[in-house]
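Please take these sequences and the hints and turn them into a complete structure.
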Amino acid sequence: MSCEVYMHGQILGTHSFWLKGDFLQPDEYSEIKEKYFLPGGETGTAATVLASLGVNVKIDGSHIGTEVAPLIKEFYKDKTVDLSSLYFDPEYEGLMDYVVVAGLVRSPMGMFQALYQPGAKKRWNMPKEADIEGCKVAAIDPFFMEETQTAAELSVKHKKPYVTIDSSHDSYLHKHCAINIVSKECTCHYLENGIDMNDIYQLMIDNTDGLVIITAGEKEMIYGRKGQAMKRMKPFSVEVKSTLGAGDTFKAGCIYGLLHGMKDDDLVQFASACSAIAISRFPLPLNPPTLEEVNELLQKH
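To convert, note that position 216 of the sequence shown is 216 in this note's numbering; the numbers rise steadily by one, no gaps.
I should point out that these hints are in silico values taken from the structure, not numbers from a laboratory. Yeah, the Cβ is synthetic: ideal placement off N, Cα and C, and Gly gets one too. Mixed in with the good hints, there may be bad ones.
[As the list claims (entries may be wrong)] What follows is a set of in silico ranges between Cβ atoms, one per label pair, in the way DEER data are often shown: (1) S30 with E185: 21 to 27 Å; (2) D27 with D170: 44 to 50 Å; (3) A114 with P90: 15 to 21 Å; (4) E220 with P108: 21 to 27 Å; (5) S30 with Y172: 43 to 49 Å; (6) F37 with A120: 21 to 27 Å.
[What the hints assert, rightly or not] No more than 25 Å apart at the CA atoms, straight line, and that leaves these computed lysine to aspartate or glutamate pairs for DMTMM-like: (7) K128 with E146; (8) K122 with E93; (9) K73 with D97; (10) K219 with E93; (11) K184 with E239; (12) K122 with E153; (13) K231 with D209; (14) K175 with D266; (15) K219 with D199; (16) K35 with E4; (17) K231 with D170; (18) K136 with E146; (19) K77 with E292; (20) K128 with E93; (21) K241 with E93.
Here it is as structure tokens:
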């Protein structure tokens with residue numbers, strides 16, 4: 001299978017619990033309306049969405065183990081997602097998280113910090129040069145240190161434009177990216193150090209020739225490039241069922257736009273439409289946005 005998009009990052013199994021009523025309260029009982037165990041992670045979710053949009057994807061990054069591997073293999077067996085570069089570790093259950101969802105509110109839990117403790121066994125792959133050389137567009141999550149850096153360096157070497165997320169202004173990943181999507185989680189670190197949003201934006205665009213998009217959930221996002229005036233866009237208004245996977249779906253929309261050579265305004269609108277559809281349903285992996293749905297929403301607006 002040809003690979004249009006190569007992705008390196010977090011691939012895991014997500015246990016999600018959609019509550020019948022309001023969000024969890026201390027010492028109070030909550031009824032679970034629906035529960036699922038489905039592929040997740042920034043790379044896993046984005047790959048699911050891209051496949052739904054008609055893109056051929058190859059994914060690599062997290063090691064898959066005894067609990068996650070059967071899930072991943074079964075879920076993607078009829079989708080345009082190539083798993084051949086993933087490493088199966090028979091002595092590891094695989095990376096999993098647990099997410100409680102109640103409308104606009106969600107709370108993820110996991111053991112991600114344990115991956116980076118001193119002496120912890122490395123649970124992710126070094127990217128394969130042939131995978132990057134053979135793709136048209138790459139996507140690189142900033143979680144895997146030397147391996148992440150290598151993925152970016154190989155993308156630059158083979159002139160493959162790549163999308164990243166939450167990469168700091170002074171990183172190699174940001175400097176050489178085609179697109180960096182910066183979330184509230186990332187900007188908070190700058191705000192805590194007394195840097196306001198306008199200065200964060202300026203710092204970002206001054207340190208890359210790529211497109212910078214700073215998202216803010218349901219609030220207005222800002223975006224632009226070095227030497228250009230800041231642009232703004234309000235996300236599409238939809239009835240929200242769950243925000244789980246919204247950011248990963250936005251990333252998938254940006255990757256699709258980059259792959260198809262969209263202009264910046266069209267790309268941001270396309271990604272926003274993808275994300276809007278994603279938050280209107282649950283669970284996202286079983287109901288990812290289709291290209292027809294995205295185009296229909298864009299036409300309405």
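Here is what the structure says about each hint:
1. S30 with E185: 21 to 27 Å: 26 Å, holds
2. D27 with D170: 44 to 50 Å: Taking Cβ atoms as reference, D27 and D170 lie about 45 Å apart, which means the hint holds.
3. A114 with P90: 15 to 21 Å: With a Cβ separation near 19 Å, A114 and P90 satisfy 15 to 21 Å, so the hint holds.
4. E220 with P108: 21 to 27 Å: Given about 25 Å between the Cβ atoms, the range holds.
5. S30 with Y172: 43 to 49 Å: 44 Å, holds
6. F37 with A120: 21 to 27 Å: The hinted range 21 to 27 Å holds for F37 and A120, with Cβ atoms some 24 Å apart.
7. K128 with E146: 13 Å, holds
8. K122 with E93: Holds, because 14 Å separates the two Cα atoms, which is no more than 25 Å.
9. K73 with D97: 18 Å, holds
10. K219 with E93: Status violated; Cα separation ~38 Å.
11. K184 with E239: 22 Å, holds
12. K122 with E153: 20 Å, holds
13. K231 with D209: 16 Å, holds
14. K175 with D266: Between K175 and D266 the Cα gap is close to 23 Å, so the pair holds against 25 Å.
15. K219 with D199: The hint holds at about 18 Å.
16. K35 with E4: 33 Å, violated
17. K231 with D170: Status holds; Cα separation ~22 Å.
18. K136 with E146: Cα-Cα ~23 Å, so holds.
19. K77 with E292: Since the Cα atoms of K77 and E292 sit roughly 23 Å apart, the hinted pair holds (cutoff 25 Å).
20. K128 with E93: Distance ~23 Å between K128 and E93 Cα, so the pair holds.
21. K241 with E93: At roughly 30 Å apart (the allowed maximum being 25 Å), E93 and K241 break the hint.
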